[in-house]
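Listed below are the residues making up each chain.
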Amino acid sequence: MKPYLREKVPKTLSEIPEYTVFEAGYLVSKNAGWRNVRPTVDKAKCVGCLKCYLCCPDGVIAKQDGKIAIDYDFCKGCGICAKTCKLGAIEMEAEI
Amino acid sequence: MSITAKTLDENEYFYGHKACAGCGGSLAVRIALKVLGERTVAVLPAGCMSAVGFNFPQLCFSNNAIISTFAGTASMLTGIEAGLRAQGITDFQAVGFAGDGGTADIGLQALSGAIDRNDDILYICYDNEAYMNTGIQKSSLTPFGARTTTTPAGKNIRGNLRPKKNMFEIVAAHDIPYAATANVGFLQDFMRKVEKASKIKGTKFIHIIAPCPTGWGIPSDETVEIAKEIVNCGLWVLAEYENGEYKLNYRPKNFSNPADYLKKQSRFRHLTDEDIQTIITSRDIKWGYIDKNYKFNQEEKL
Ligand SMILES: Cc1ncc(C[n+]2csc(CCOP(=O)(O)OP(=O)(O)O)c2C)c(N)n1
Ligand code: SF4
Ligand code: SF4
Ligand code: SF4
Ligand SMILES: [Mg+2]
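Protein sequence lines, in the order shown, are assigned to chains A and B.
Under the working numbering, read the first sequence as residues 49 to 144, first letter to last.
Under the working numbering, read the second sequence as residues 21 to 322, first letter to last.
To be clear, the hints were calculated from the coordinates, so they are not data collected in a lab.
Treat the hints with care, since some could be wrong.
[To be verified] Derived SDA-like pairs (lysine to any residue); straight-line CA-CA distance at most 20 angstroms: (1) A:K50 with B:F76; (2) B:K38 with A:N84; (3) A:K134 with B:K248; (4) A:K59 with B:L79; (5) A:K78 with B:L79; (6) A:K131 with B:P172; (7) A:K78 with B:N31; (8) B:K221 with B:K38; (9) B:K38 with A:D121; (10) A:K131 with B:N252; (11) A:K99 with B:F76.
Please put together the full structure from these sequences, using the hints given.
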């Protein structure tokens, strides 16, 4: 499990809890808009060593079929993954 | 064997948060929670990690998590542990993630009290070396020479005049069951320490250096690399305290030049050669003390 995007955004007074208690992992907005550069993975070069997965501050890199996949909804484009990959399998490309 | 990237819990417990890109503190929190697992109750005092993790309705922890008062991380952990135990619940971890200000300044008394009672809690200090959430003010863990908004760099004063407080040894001096230092550039070592702490009864403390691109003045992709550099140039020491003994985990063969580490960061850019010499001299005195008083087993790899 990880926190995931919900359709319902609590707005009205009755939807907002009276006490400071609410469901854990409740997301209503993405972070994709923060990104100027986008990490792209060259699957042919990736050996699935998981160095990038470990180092991502946002936890948006997941294991996939012995390699990795990035959740672009929440990647901020910090570039740490690209620097960590010693095989050059991740490149940072400008967002258009 | 300790947890590795391959065996680490695949769930994410700190996700969608609003920390700056490349935030070292959020990396420390994320990894620690993946080691500790779902049945963890996290306490976050005022500071960046609570500010970026709880923006109702955007709630970025998928385990139980709560904000505490700025000073009250350790006392809230004490209460959570006692409360769950009173309800007969035993399979949980109570962990706190407090900043350097929240730990070494305002939260020190509560932490000291918890260690004195030997409450069964894990306290993790993510150290970005200033009060970042309120705009980069000096804390007692800000290193010598660093420019902050309360220790400006001008003609008369060149940044912070005081050395960084030795929080690790202050905590160890309580004769705590387990204390360790860590660094986000050495995550394997950090995971091992969190896992080890989770299995020890009583109070545990881990102090992890967590670079902050915004406050240190470094590019967002430098966080992990610069964290490695602070260890390799000898300005941060990876160590543990257990059973009344200090243990060094890693000794760089030859220290890299601290000037290279310092000059990459805008908070140190004003430092003169003389200031850098002051930093090197105090580093060497510290290592002289460590080599004399800390056990070191060369065979044990990080
Ligand atoms: C009693 C009290 N004093 C001051 C504040 C304002 N405040 C909120 S966060 C913060 C800075 C926290 O610094 P640190 O603990 O180093 O964490 P960081 O923000 O760097 O992650 C301050 C001063 C507060 N919330 N409560
Ligand atoms: S660091 Fe590089 S090789 Fe390793 S998993 Fe990531 S992309 Fe693949
Ligand atoms: S750019 Fe940063 S946030 Fe995005 S996947 Fe890489 S490390 Fe994670
Ligand atoms: S100011 Fe620093 S510590 Fe705070 S969220 Fe940004 S990078 Fe992280
Ligand atoms: Mg801080």
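Do the hints match the structure? See the list:
no. : hint               : verdict
1   : A:K50 with B:F76   : 17 angstroms, holds
2   : B:K38 with A:N84   : 16 angstroms, holds
3   : A:K134 with B:K248 : 15 angstroms, holds
4   : A:K59 with B:L79   : 15 angstroms, holds
5   : A:K78 with B:L79   : 12 angstroms, holds
6   : A:K131 with B:P172 : 32 angstroms, violated
7   : A:K78 with B:N31   : 19 angstroms, holds
8   : B:K221 with B:K38  : 34 angstroms, violated
9   : B:K38 with A:D121  : 13 angstroms, holds
10  : A:K131 with B:N252 : 18 angstroms, holds
11  : A:K99 with B:F76   : 32 angstroms, violated
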